[in-house]
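2 protein chains.
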Amino acid sequence: MNNSALPRALSNLIDAFGALPGVGARTAERYAYATLKGDHGKAVQLSTALAKIHNSVKLCPKTFALIDADEEVSPLYADPERDRTVVAVVEEPFDVVAIENTHQFKGTYHVLGGAISPIDGVGPEQLHIPELIRRLREDKTREVILATNASVEGESTALYIQKQLEEADLEDIKITRLARGLPIGVDLEYADQITLTHALNGRREL
Amino acid sequence: MNNSALPRALSNLIDAFGALPGVGARTAERYAYATLKGDHGKAVQLSTALAKIHNSVKLCPKTFALIDADEEVSPLYADPERDRTVVAVVEEPFDVVAIENTHQFKGTYHVLGGAISPIDGVGPEQLHIPELIRRLREDKTREVILATNASVEGESTALYIQKQLEEADLEDIKITRLARGLPIGVDLEYADQITLTHALNGRREL
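Residue numbers (the numbering used here), protein chains in the order written: chain B, 747 to 952; chain F, 747 to 952.
Quick caveat, the hints were computed from the structure, so don't treat them as lab data. Any given hint might turn out to be false.
Heads up, the list lumps identical chains together, so a pair's fine if it works in one copy or across two of them.
Said to hold, decoys possible - Lysine to any residue pairs mimicking SDA-like chemistry, simulated, CA-CA at most 20 Å apart:
hint, residue 1, residue 2
1, Lys783, His874
2, Lys783, Gly859
3, Lys798, His786
4, Lys886, Leu916
5, Lys798, Ala765
Could you build the full structure based on these sequences and the hints that come with them?
Have a look at this one:
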């Protein structure tokens with residue numbers, strides 16, 4: 747940024763927006779200028795939300811989902827209507843939101859806090875796997891759904907957890923994985939080979 | 747946003763990010779989650795910059811560029827080394843930064859505050875044109891560079907200002923426009939017809 751051409755407060759704001767992921771110089775300028783031109787109330791709203799965020803949110807000690815700082819455990823775990831004997835294991839907190847939005851799942855969640863990725867320096871010891879096993883035993887879980895991403899990292903993480911669960915010798919536990927296949931709205935000719943292979947192998951009788 | 751799956755502070759932050767231009771639900775989630783995972787200091791930096799922005803920045807009463815609230819006029823206008831007899835007329839404050847970054851211009855600026863656009867409800871009376879004419883007279887300007895955008899709105903604005911300047915009957919004033927032609931790095935075959943027409947008509951002898 748050429749600072750002499752812009753007031754200091756504005757170039758500070760541009761720099762601060764530029765620290766967000768994937769935000770380059772032009773986007774940061776656009777955000778800053780829109781904020782300046784826009785409603786003062788909106789700027790204050792974002793400012794307040796940012797100032798509060800780190801002290802208002804913590805990890806649930808049981809499921810490692812993000813929860814309000816004044817809550818003890820995740821409301822999705824505490825809720826008596828949710829089935830604790832079915833646990834969906836996901837990589838990141840927002841994956842919980844994605845599954846919740848389907849309104850199809852009445853079990854509980856366990857957030858790993860990432861996926862095994864040697865390139866990014868993430869090993870299995872950084873994920874909440876021992877806590878998962880302890881919890882499955884306590885809650886007498888019947889089914890673990892390994893709902894990690896359909897990426898190389900997600901697949902290896904699922905495989906690793908599957909082995910750990912087998913070694914842990916939990917009684918009568920079913921380990922499942924989300925179905926692989928064609929996503930809605932995709933033409934066969936544009937589907938990649940691996941997806942199509944999964945779709946073929948996983949075909950169902952009507 | 748399904749709020750029950752996320753702590754309130756986090757969904758507030760997502761909503762606030764979502765108010766930025768061009769930021770949809772997924773991007774807002776990504777910004778919020780990155781902020782939460784990231785350094786507390788960075789969140790505070792953005793928070794502070796946002797809280798200050800509206801009270802720290804104002805428009806220069808002479809050039810309508812953005813300036814610090816404690817400055818009287820734009821430093822680019824006040825600077826005795828800048829030539830007040832050459833004025834570049836631009837649409838928006840960031841256009842000043844773009845021209846400054848070339849390090850080729852030693853004149854001064856005049857920010858119109860937009861371009862004539864009937865669709866967006868912007869008429870010539872909303873632009874700082876009377877102030878421009880007053881200023882050109884006061885500073886005995888020799889050259890006005892109409893540096894509006896190469897868009898339909900920018901072209902009509904330039905044409906309108908040109909007529910106003912002719913009617914104002916300023917003495918010995920030269921009205922110029924930024925050159926149109928091929929941008930650097932573009933192959934002839936990919937250039938659009940209008941650009942190529944401009945490039946042909948504006949060809950220069952070597």
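How the hints compare with the structure:
1. Taking identical chains as interchangeable, the C-alpha atoms of Lys783 and His874 lie at most 20 Å apart only when they sit on different chains, with a minimum of 16 Å there against 45 Å within one chain.
2. In this homomeric assembly, Lys783 and Gly859 come within 20 Å of each other (Cα to Cα) only across copies, at 11 Å, whereas the closest approach inside a single copy is 38 Å.
3. In this assembly of identical chains, Lys798 and His786 lie within 20 Å of each other by CA distance both inside one copy and across copies; the values are 19 Å within and 10 Å between.
4. Only within a single protomer do Lys886 and Leu916 lie at most 20 Å apart by alpha-carbon distance; the minimum there is 9 Å, versus 89 Å between protomers.
5. Taking identical chains as interchangeable, the C-alpha atoms of Lys798 and Ala765 lie at most 20 Å apart whether they share a chain (18 Å) or sit on different chains (18 Å).
In the structure shown, no violation is registered for any of the earlier numbered hints.
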